[in-house]
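Line by line, the protein sequences give chains A and B. Okay, so the first sequence: first residue is 18 according to this note's numbering, each after it adds one. Okay, so the second sequence: first residue is 57 according to this note's numbering, each after it adds one.
No lab work stands behind these hints: they were computed from the structure. Since the model is a prediction, treat every value here as computed from it, not as a measurement. Treat the hints loosely; a few may be bogus.
Result set (DSSO-like, lysine-lysine): computed pairs, CA atoms no more than 30 Å apart in a straight line [claimed, not checked]: (1) A/36 with B/125; (2) B/114 with B/124; (3) A/39 with A/57; (4) A/53 with B/114; (5) A/36 with A/58; (6) A/69 with B/124; (7) B/114 with A/69; (8) A/58 with A/39; (9) B/114 with A/35; (10) A/36 with A/53; (11) A/36 with B/124; (12) A/69 with A/35; (13) A/36 with A/69; (14) A/53 with A/39; (15) A/39 with B/124; (16) A/35 with A/53.
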Amino acid sequence: ETGVTQTPRHLVMGMTNKKSLKCEQHLGHNAMYWYKQSAKKPLELMFVYNFKEQTENNSVPSRFSPECPNSSHLFLHLHTLQPEDSALYLCASSQGGVDTEAFFGQGTRLTVV
Amino acid sequence: AQSVTQLGSHVSVSEGALVLLRCNYSSSVPPYLFWYVQYPNQGLQLLLKYTSAATLVKGINGFEAEFKKSETSFHLTKPSAHMSDAAEYFCAVSRSGSARQLTFGSGTQLTVLP
């Protein structure tokens with residue numbers, strides 16, 4: 018139990034579908050993150066939320082839309098994705114600030130067909 | 057700018073042998089350095105971190121890493137590999153230590169042979 022829970026664990030979707038990934042943290046952290054892990058590529062930071070406010074968007078295409086209704090929940094809404102968007106999407110949370118550890122969820126394995 | 061290079065995308069060792077996973081970093085300011093482990097179908101778990109205190113850092117599961125500024129390295133070692141160590145290992149650097157500024161390497165897949 019890492020304290021960060023992601024659902025679903027696996028998702029297969031067509032390019033015209035709309036789906037959402039969910040992340041919930043039970044650690045009382047104030048910052049939450051979405052990362053993308055593609056085969057043979059380093060983890061890519063996508064979005065950062067601090068106290069529910071988006072503080073970073075690393076040039077992520079608009080077909081990915083994050084939502085953070087409160088400090089414990091983070092969503093990633095997906096629509097009209099491409100096959101190259103297939104990847105492991107990892108959520109993380111941290112207390113923020115200097116020398117703080119990021120706690121990761123188990124990820125959602127997304128396949129776009 | 058900061059970056060991390062992990063030498064060797066795949067490393068194989070025999071059970072009981074020394075584990076050495078290499079990481080070199082680039083950072084314009086004194087870095088904070090991390091090693092994470094990812095088991096199959098799992099998220100990332102922090103193994104250890106360097107935060108400008110002792111240069112030799114001990115982590116969980118018998119792993120340790122040494123920060124060498126002159127070599128800009130932060131290699132991960134374990135004296136004796138166990139089958140359960142088979143996983144992917146990621147080195148990461150952060151300018152301020154903040155999780156917001158983590159930059160990850162490409163990862164090294166460790167295989168432990170019986």
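Okay, the hints, checked on the actual structure:
no.	hint	result
1	A/36 with B/125	46 Å, violated
2	B/114 with B/124	15 Å, holds
3	A/39 with A/57	25 Å, holds
4	A/53 with B/114	29 Å, holds
5	A/36 with A/58	24 Å, holds
6	A/69 with B/124	38 Å, violated
7	B/114 with A/69	34 Å, violated
8	A/58 with A/39	23 Å, holds
9	B/114 with A/35	45 Å, violated
10	A/36 with A/53	16 Å, holds
11	A/36 with B/124	46 Å, violated
12	A/69 with A/35	23 Å, holds
13	A/36 with A/69	21 Å, holds
14	A/53 with A/39	14 Å, holds
15	A/39 with B/124	40 Å, violated
16	A/35 with A/53	18 Å, holds
Consistency with the previously given hints fails for numbers 1, 6, 7, 9, 11 and 15, ordered from lowest to highest.
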